[in-house]
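Visitor: Below are the chains, spelled out letter by letter.
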Amino acid sequence: MNNKNNLKGWLYLLPAMIFIGIFMVYPLFDVFVYSFEEGYNFASQTYQGIGLYNYSYVLHDPYFLQAIKNTFILVIITVPLSTTVALLISLALNSIKKLKDLFQTIFFLPYVTNTLAVGLVFMILFKKTAYSEGLVNLLLNSFGIASIDFIEGPYWAKMFVLCFYTIWIVLPFKILILTSALASVNKDYYNVARVDGTSRWRIFYKITLPMISPSLFYLVITGFIGAFKAYSDVVALFGIDLNAAGMNTIVGYVYDMLYGNSGGYPSFASAAALILFAIVLTITVINLLVSRKNVHYQ
Amino acid sequence: MKIVLEHLTKKFISRHNKNEIVTAVNDFDFEIPDGKLIGLLGPSGCGKSTTLNLICGLETPTSGKIYFGDLDVTNLPPENRGVGMVFQNYALYPHLSVRANILFPLENLKGADRLSKEAMEEKAMEAAKLVQIDELMERKPNELSGGQQQRVAIARALVKTPGVLLLDEPLSNLDARLRLQTREQIRRIQKETGITTIFVTHDQEEAMSISDLIIVMKAGILQQMGQPQEVYNDPVNLFVAQFLGNPAINVFDGSVRDHKVYIGEDCVGERNVEDQEVSVGIRPEAFIPDEKGPFRCVFDRVETTGRDTSIVCHNEHCVSDEDVRAIVAADEKLNNKDGIIRFSLKPYKVHVFSKKDETVIHE
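For the record, the sequence lines run as chains A and D. Taking our numbering, the leading residue of the first sequence gets 1, the next gets one more, and so forth. Taking our numbering, the leading residue of the second sequence gets 1, the next gets one more, and so forth.
The shape of chain A in the complex, shown without the other chains (with noise of 0.2 Å):
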């Protein structure tokens, strides 16, 4: 009876077990195969030796370490950014009465928007053309500041832009996480904090903070990898040559080398994929180890 059960189980499972092992599992392990052939041809699908060549080539390809340079800045300024603004927000939604639904509603809004359409209109406020200097320019020249070109003009203000969008793109749904989650504290810890006398750093700092931790980190956890996977964002905002803008990302230079102008290799995109999960991975085992002593679930 029971292995008739276990039969049945396995074979309601079987659609989407077919469905993962073409499209997830052999992809997964077929990138690991790639990546260790040497001198792949797309065309003839052969190849000349195995070995670690493809990764020596990727890492010292200085498009692939712009990549990497520009996506570690990426990451790094916005995550941490992006969850404080959040967090800072959901904290002044939580204390307001009046409007509170009208304002989340405004500052979710962006996450039912479509990347690729908020990336032009970016472009559009940001772009300097023969026509317009675009409406920041505009604003930083009544302040008389001189016009910036964050489109074309110098890395600096590139990347400005970038983690500024990347911020606001993110922000929605890290407010919605926290707001819900700063909701489901009970008031009475902090009836009780109350008639304890503790202030509000303290409030905030002792028992705000512990009892959304398990929110915040998978927040952060989540906002990592989402940064280091960063790719559409970017060519929304500086078109599809990434390289020749020195605004490529990991991701970007994965795709390039499959299908861009330099494209055609997928053993070198599959050394760089890896050299991305590695990464991701890295982070993510810090991430957890360091969460096991600030994390507080109940």
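Be a bit skeptical, because a hint or two may be false.
Using 25 Å as the maximum straight-line C-alpha spacing, the simulated SDA-like pairs for lysine to any residue come out as follows [what the hints assert, rightly or not]:
no.	chain 1	residue 1	chain 2	residue 2
1	A	Lys206	D	Lys117
2	D	Lys140	A	Ser213
3	A	Lys187	D	Gly45
4	A	Lys293	D	Gly45
5	A	Lys97	D	Thr193
6	A	Lys187	D	Asn89
7	D	Lys18	D	Ser63
8	A	Lys98	D	Asn17
9	A	Lys293	A	Asn243
No lab work stands behind these hints, which were simulated from the structure alone.
With chain A held as given, fit chain D onto it using these hints.
Guide: Frame of chain A; chain D shown alone:
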């Protein structure tokens, strides 16, 4: 510290209907003497917890004043009132150990009030010993039983040696056996510290058993205040009579005719008032089986629960319950003729209430 409430009133806008105003506490005007254990008693939603929150400062009154001793605290925020509060769900910080929970209020102190680390530890230990949880200091709240959690909450409320200790339904989350133990603990702690303590409960037995004074309220209005036995023996109205006592008082429709109180045709007492319809409350322990007794009921059955023997019978005029319950001595002989049992009644256990406003009729 004595607590004085002066015409204290709290009104809320109804949660269900924005145009409706609910008066949770209606013109409370009384004094709570220093160093006593006070039970604030009433059915759910009668404003007990609101009263407690007003005293502790989490709510501000619509009108009226609150004094601690001679000090007007009406407009003081809770942290400046020197109260300790224990919430119904204890509200222990789940991420902190028992020690850290008890230390928390001390660590809030600033400036000259701030104690040295050793002094804080010592005070926390003292409070923990008082409630007998000094061996559990390193545990987290979720590793404790309900009763232990409750004692931690009391220790946390006591560690700053407040002038007033407030307990909101302190026993309602405990099982029956633990409840008995814990209420004795609360009694002991209160006696040892001598802190004026107010606790809220809807369980009359709880309030009666440990309080020095009980305050009975209903729908935001104070009904009666006094020593538990006094209130029990001499209720001012039908509500108080029905609310106190287990098993509950038996209530009958009756009438006063020629200064005699009748239930049906049976005369159960005398009241020197004009003829009128009345409610007659008879405590279960008022009944004495007596062949010549004046009060007749239809015998149903005898129930023995431990040391109590109760006679369950029926009377068509009874309005409180289907059954009339009489608690009698176990060795009492029953006179049971044709299914009719007769009782004589202890006169001081029979209360007569006016039909008009349900207040008691003496004499």
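Visitor: For each hint, tell me whether it holds in the structure or not.
Guide: Here is what the structure says about each hint:
1. Proximity of Lys206 (chain A) to Lys117 (chain D) is assessed by CA-CA distance (about 18 Å); at most 25 Å being required, the pair is judged to hold.
2. With a CA separation close to 17 Å, the supplied pair Lys140 (chain D) and Ser213 (chain A) stays within the 25 Å bound.
3. Of the pairs offered as hints, the one joining Lys187 (chain A) and Gly45 (chain D) holds, with about 19 Å between alpha carbons and a cut-off of 25 Å not exceeded.
4. With a C-alpha separation of about 42 Å, the suggested pair Lys293 (chain A) and Gly45 (chain D) falls outside the 25 Å cut-off, and the hint is violated.
5. With a C-alpha separation of about 42 Å, the suggested pair Lys97 (chain A) and Thr193 (chain D) falls outside the 25 Å cut-off, and the hint is violated.
6. The suggested pairing of Lys187 (chain A) with Asn89 (chain D) holds, with an alpha-carbon distance near 11 Å, which does not exceed 25 Å.
7. Taking the CA atoms of Lys18 (chain D) and Ser63 (chain D), the gap is near 21 Å; set against the 25 Å cutoff, the hint holds.
8. Using a Cα cut-off of 25 Å, the hinted pair Lys98 (chain A) and Asn17 (chain D) holds, with the two alpha carbons roughly 19 Å apart.
9. A distance of roughly 41 Å separates the Cα atoms of Lys293 (chain A) and Asn243 (chain A); the hinted pair therefore is violated under the 25 Å criterion.
The structure does not agree with the numbered hints 4, 5 and 9 stated previously, though it agrees with the rest.
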